[in-house]
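Each chain is listed here by its residues.
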Amino acid sequence: MLERDKVVVADTMAREAGVLPGMKRGGVTTLSPDALMYDRSVEREREMQREVAFGLLRFSPQVAACDEETIVMDVTASLRLFGGIRRVCELMRDVVKSIGVTVRMSVAPTGQGAWLLAKRGRCRVLKMPSLERNLNALPFTVVQELRPFADWFQGLGCRVLGDVRRLPRAGLKKRCGAGLLDTLDRAYGLSPELYQWLELPPTFSARTELPDRVEHAEAILFSAKRLIVQMCGWLSAQQLALTHATVSLEHERGREAVEPTTFEVALAEPTWHEEHLVRLLKERLGRTELPAAVLAVRLTASSVQPAEPPSDSLFPDPSGSAEDHNRLIELLVARLGSENVERAAPTSDHRPEMANRWVPIQSDAKAQALPVELPRPTWLLEEPIKLMMKNHRPFYGSPLRLVSMGERIEAGWHDSEAVTRDYYVAEAADKSCYWIFRERPVVKTEEVRWFLHGLFG
Amino acid sequence: MAALPQHVESIHPALWRGAQLARVHGRTVDTGYAALSAELPNGGWPLGALVELLVQQPGIGEMRLMKPALAELSARPIALLQPPHVPNSLAFSYLGVPVERLMRLRAPKTADALWCAERVLQAASCGALIFWQQHIRTEALRRLHLAAQASEMLLVLIRPLASAQDASPAALRLGVRPADGGLVVDVVKRRGPIRSEMLSITLQPSPILLSPYGRVRRHLPSPAFAGGVPSEVVASH
Numbered sequence: 000m001l002e003r004d005k006v007v008v009a010d011t012m013a014r015e016a017g018v019l020p021g022m023k024r025g026g027v028t029t030l031s032p033d034a035l036m037y038d039r040s041v042e043r044e045r046e047m048q049r050e051v052a053f054g055l056l057r058f059s060p061q062v063a064a065c066d067e068e069t070i071v072m073d074v075t076a077s078l079r080l081f082g083g084i085r086r087v088c089e090l091m092r093d094v095v096k097s098i099g100v101t102v103r104m105s106v107a108p109t110g111q112g113a114w115l116l117a118k119r120g121r122c123r124v125l126k127m128p129s130l131e132r133n134l135n136a137l138p139f140t141v142v143q144e145l146r147p148f149a150d151w152f153q154g155l156g157c158r159v160l161g162d163v164r165r166l167p168r169a170g171l172k173k174r175c176g177a178g179l180l181d182t183l184d185r186a187y188g189l190s191p192e193l194y195q196w197l198e199l200p201p202t203f204s205a206r207t208e209l210p211d212r213v214e215h216a217e218a219i220l221f222s223a224k225r226l227i228v229q230m231c232g233w234l235s236a237q238q239l240a241l242t243h244a245t246v247s248l249e250h251e252r253g254r255e256a257v258e259p260t261t262f263e264v265a266l267a268e269p270t271w272h273e274e275h276l277v278r279l280l281k282e283r284l285g286r287t288e289l290p291a292a293v294l295a296v297r298l299t300a301s302s303v304q305p306a307e308p309p310s311d312s313l314f315p316d317p318s319g320s321a322e323d324h325n326r327l328i329e330l331l332v333a334r335l336g337s338e339n340v341e342r343a344a345p346t347s348d349h350r351p352e353m354a355n356r357w358v359p360i361q362s363d364a365k366a367q368a369l370p371v372e373l374p375r376p377t378w379l380l381e382e383p384i385k386l387m388m389k390n391h392r393p394f395y396g397s398p399l400r401l402v403s404m405g406e407r408i409e410a411g412w413h414d415s416e417a418v419t420r421d422y423y424v425a426e427a428a429d430k431s432c433y434w435i436f437r438e439r440p441v442v443k444t445e446e447v448r449w450f451l452h453g454l455f456g
Numbered sequence: 000m001a002a003l004p005q006h007v008e009s010i011h012p013a014l015w016r017g018a019q020l021a022r023v024h025g026r027t028v029d030t031g032y033a034a035l036s037a038e039l040p041n042g043g044w045p046l047g048a049l050v051e052l053l054v055q056q057p058g059i060g061e062m063r064l065m066k067p068a069l070a071e072l073s074a075r076p077i078a079l080l081q082p083p084h085v086p087n088s089l090a091f092s093y094l095g096v097p098v099e100r101l102m103r104l105r106a107p108k109t110a111d112a113l114w115c116a117e118r119v120l121q122a123a124s125c126g127a128l129i130f131w132q133q134h135i136r137t138e139a140l141r142r143l144h145l146a147a148q149a150s151e152m153l154l155v156l157i158r159p160l161a162s163a164q165d166a167s168p169a170a171l172r173l174g175v176r177p178a179d180g181g182l183v184v185d186v187v188k189r190r191g192p193i194r195s196e197m198l199s200i201t202l203q204p205s206p207i208l209l210s211p212y213g214r215v216r217r218h219l220p221s222p223a224f225a226g227g228v229p230s231e232v233v234a235s236h
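For the protein sequence lines, the chains are A and B, in the order given. Counting from 0, one number per residue, gives the positions in the first sequence under numbering that gives the first Met the number 0. Counting from 0, one number per residue, gives the positions in the second sequence under numbering that gives the first Met the number 0.
Treat the hints loosely; a few may be bogus.
Claimed, not checked - Dumping the calculated DSSO-like pairs for lysine-lysine here, alpha-carbon to alpha-carbon at most 27 Å:
#: 1; chain 1: A; residue 1: Lys430; chain 2: B; residue 2: Lys188
#: 2; chain 1: A; residue 1: Lys224; chain 2: A; residue 2: Lys96
#: 3; chain 1: A; residue 1: Lys23; chain 2: A; residue 2: Lys5
#: 4; chain 1: A; residue 1: Lys126; chain 2: A; residue 2: Lys5
#: 5; chain 1: B; residue 1: Lys108; chain 2: A; residue 2: Lys281
#: 6; chain 1: A; residue 1: Lys118; chain 2: A; residue 2: Lys23
To be verified - From chain B, some residues computed to sit far from chain A (all C-beta separations above 12 Å):
#: 7; residue: Gln5
#: 8; residue: Ala13
#: 9; residue: Gly60
#: 10; residue: Pro97
#: 11; residue: Arg118
Said to hold, decoys possible - Derived DEER-like restraints, expressed as beta-carbon distance ranges:
#: 12; chain 1: A; residue 1: Arg86; chain 2: B; residue 2: Val7; range: 29 to 35 Å
#: 13; chain 1: A; residue 1: Tyr395; chain 2: B; residue 2: Val7; range: 18 to 24 Å
#: 14; chain 1: B; residue 1: Arg22; chain 2: A; residue 2: His349; range: 28 to 34 Å
#: 15; chain 1: A; residue 1: Ser415; chain 2: B; residue 2: Asp179; range: 40 to 46 Å
#: 16; chain 1: A; residue 1: His272; chain 2: B; residue 2: Glu138; range: 48 to 54 Å
The set of hints was computed from the structure by calculation and includes no laboratory data. Glycine included, C-beta positions come from ideal geometry on N, C-alpha and C.
Working from the sequences, and respecting the hints, build out all of it.
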């Protein structure tokens with residue numbers, strides 16, 4: 000990684016090859032000709048920091064993005080909710096990991112103290128005296144304000160922060176400015192800390208570029224998960240629940256531009272849970288066909304509503320709650336498509352195929368009142384089957400014998416799908432019953448036609 | 000060797016003699032047909048186990064056979080996975096299963112259908128899952144059975160009669176053929192003694208309400224229960 004043509008960070012392989020921070024581009028090429036060199040992009044670093052900060056909003060609304068790629072957050076109020084500091088740290092580590100970066104985390108009673116400890120490595124300090132001890136042992140270069148005077152302090156024989164603190168305050172203030180003393184006082188808890196906490200945008204729309212051109216929808220999931228983590232942070236910080244999200248997959252731009260593939264994720268039960276959203280998206284992506292390679296993913300929360308507090312009933316229903324059922328339905332819809340997950344919404348129509356209406360489970364079509372005690376077969380065929388005639392009798396596997404009186408259904412003249420049918424229950428030789436109808440002969444065709452329409456399941 | 004106690008089955012609830020029906024731990028739901036209930040362990044369809052119904056063809060009365068159980072379980076949704084034809088919601092309401100509880104799932108592929116069944120069982124939010132599948136591998140059956148054991152749901156797998164030959168981990172397997180006025184049930188597998196003779200069951204309600212010959216073919220005096228054909232229907236025609 001280079002900044003202004005100088006090496007800033009080098010990985011293990013590069014270090015083994017002899018690359019050192021501060022080297023020029025030419026020097027690196029001489030040492031290892033096939034080293035990959037990247038220019039540092041401060042904007043993208045800042046974006047990444049913001050992404051992580053969004054994800055961490057799940058744990059506390061007080062998250063601040065500070066200097067030197069550090070995020071400071073106040074979790075004091077959230078400790079009990081998440082079950083202690085260790086658990087919070089673990090969960091935070093998971094969130095950061097799913098965004099795809101590594102982290103060094105420190106805990107301290109003061110924000111500035113945690114900032115300084117995180118600079119050197121991970122360290123968990125809960126009490127003021129031990130914080131002081133740990134801070135005193137840090138090399139003084141961790142403090143930003145001390146770095147310009149590094150040579151000078153080294154000349155004084157200072158190595159650690161404790162040495163600097165023993166110097167007279169008045170002199171330090173005069174030579175190094177008031178900022179240094181303020182920073183140290185904040186770190187040691189001697190003066191109050193003020194942070195500019197992250198301000199939440201009123202809407203959420205995040206985009207991430209994929210590491211490579213991706214051809215399979217499933218492979219996008221990793222990057223999409225990163226967006227979901229951020230969105231969940233944003234949702235829980237505002238105590239909102241998601242009802243509708245839009246995912247758009249961006250393809251090639253420029254001369255061979257392809258329209259982005261967009262799909263909606265609709266939720267019956269508003270949610271702010273990460274796992275559920277990831278699972279839904281996984282199934283939805285598995286069903287998506289990509290017209291071209293994907294370069295970037297954008298996730299937009301298109302509609303949200305205030306989250307409901309969790310139920311605190313003493314005896315939760317062991318056999319799955321309504322929420323579980325809604326979650327199940329969403330999952331099924333995501334995999335099978337809304338046209339394959341249906342509920343019955345019968346209409347009042349005389350024609351059996353019209354009366355028996357099935358609608359997608361999430362549609363808001365109303366079921367109309369049913370006639371009670373109307374004997375009908377359990378199964379209807381999609382299309383009535385025309386029956387063969389043998390000896391003037393309808394034949395389906397075996398000759399059918401009519402065993403009931405006819406029921407005349409004549410309707411549909413108003414929507415030009417008129418039916419004129421006489422329905423009978425017929426019994427086959429094996430004693431199974433069928434619901435068959437005879438189309439009443441019209442003037443044109445005198446032939447009597449029988450159809451099989453239903454089975455008595 | 001100490002003499003065995005006279006009642007071996009009193010040692011442990013999971014123990015039964017070969018000539019006895021098992022006393023299953025889990026809950027069961029009454030079949031609604033006394034003749035059938037008497038032949039099943041604990042007197043009903045087992046919940047939280049795989050039940051196989053082997054039918055000659057769909058539409059011979061298998062839904063009416065399950066109807067009393069479905070009506071009882073209909074406090075929670077009932078999922079119909081891969082039904083062979085369009086389920087007629089009016090008929091379900093006639094059978095006493097509330098229409099708003101029905102959920103029809105169609106899966107384009109067998110893998111999707113199995114995934115679906117497993118999810119429904121895992122969520123455990125439905126009362127019953129009825130699953131139609133022509134061909135199913137033994138591993139998939141075992142997986143379904145395991146998923147069912149983790150839930151308190153009625154899981155009925157409806158398969159062709161020909162698959163009675165194949166081994167299955169199901170707790171209960173019934174072969175079903177149509178017969179005059181109802182069904183004959185062949186108990187293929189149960190936790191209990193082998194039953195060689197067929198069981199004849201008169202299904203309620205019969206589709207034949209009115210005969211053209213003026214003879215009302217209502218059913219033999221089988222015990223009446225809620226949801227049967229009330230006499231007004233017959234009278235009103």
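Given the hinted pair Lys23(A) and Lys5(A), is their alpha-carbon gap at most 27 Å? holds (5 Å)
Against the range 29 to 35 Å, how does the distance between the Cβ atoms of Arg86(A) and Val7(B) compare: consistent or not? Since the Cβ atoms of Arg86(A) and Val7(B) sit about 51 Å apart, the hinted range of 29 to 35 Å is violated.
Closest CB-CB distance from Arg118(B) to chain A, is it above 12 Å? Label violated. Min Cβ-Cβ 6 Å, cutoff 12 Å.
Against the range 48 to 54 Å, how does the distance between the Cβ atoms of His272(A) and Glu138(B) compare: consistent or not? For His272(A) and Glu138(B) the Cβ distance comes to about 32 Å; the hint is violated.
Taking the Cβ atom of Tyr395(A) and the Cβ atom of Val7(B), is their distance within the range 18 to 24 Å? violated (53 Å)
Are Lys108(B) and Lys281(A) close enough, with their CA atoms no more than 27 Å apart? holds (18 Å)
May I ask you to check that Gln5(B) keeps its beta-carbon over 12 Å from the closest beta-carbon of chain A? Gln5(B) clear of chain A: closest Cβ-Cβ about 39 Å, beyond 12 Å.
Indicate whether the distance between the beta carbons of Ser415(A) and Asp179(B) respects the range 40 to 46 Å. holds (43 Å)
Consistency of the no-contact label for Gly60(B), given chain A and a CB cut of 12 Å: Label violated. Min Cβ-Cβ 7 Å, cutoff 12 Å.
Ala13(B) clear of chain A by more than 12 Å, beta carbon to beta carbon? holds (23 Å)
Claimed clearance of chain A by Pro97(B), with the beta carbon kept past 12 Å: For Pro97(B), whose nearest Cβ neighbour in chain A is about 10 Å away, the distance does not exceed 12 Å, so it is violated.
Tell me if the beta carbons of Arg22(B) and His349(A) are separated by a distance inside 28 to 34 Å. At 51 Å between Cβs, range violated.
Comparing the model with each earlier hint shows violations of hints 4, 9, 10, 11, 12, 13, 14, 16; every other hint is respected.
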